[in-house]
Amino acid sequence: MLPALNACVTDLVAQQYAVKSERAIRASAMAVHS
Numbered sequence: 001m002l003p004a005l006n007a008c009v010t011d012l013v014a015q016q017y018a019v020k021s022e023r024a025i026r027a028s029a030m031a032v033h034s
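Going by my numbering, the letters in the sequence shown line up with residues 1 to 34, in that order.
Treat the hints loosely; a few may be bogus.
In silico SDA-like pairs for lysine to any residue, Cα to Cα no more than 20 angstroms straight-line [said to hold, decoys possible]:
hint: 1; residue 1: K20; residue 2: V32
hint: 2; residue 1: K20; residue 2: A31
hint: 3; residue 1: K20; residue 2: M30
hint: 4; residue 1: K20; residue 2: C8
hint: 5; residue 1: K20; residue 2: T10
hint: 6; residue 1: K20; residue 2: V9
These are calculated hints, taken from the structure and not from any lab test.
Input sequences plus hints: build the corresponding full structure.
Now the structure itself:
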C-alpha cells in the first residue's frame, strides 16, 4: 500500500514540475523571439 501511494505522490510532483518547467521554457522562448 505505502509504496504505491509513494509512487503516486512522486508522479504528481513530477507532473507539476514538468508543467512548471514547460511554462518556463515557453516563456524563455517567447523572450528570445521578441
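To see whether the hints hold, each was checked on the structure:
1. K20 to V32: holds, 18 angstroms
2. K20 to A31: holds, 17 angstroms
3. K20 to M30: With Cα atoms ~15 angstroms apart, K20 and M30 stay inside 20 angstroms; holds.
4. K20 to C8: Judged against 20 angstroms, a Cα distance of about 19 angstroms means the pair holds.
5. K20 to T10: Between K20 and T10 the Cα gap is close to 15 angstroms, so the pair holds against 20 angstroms.
6. K20 to V9: holds, 17 angstroms
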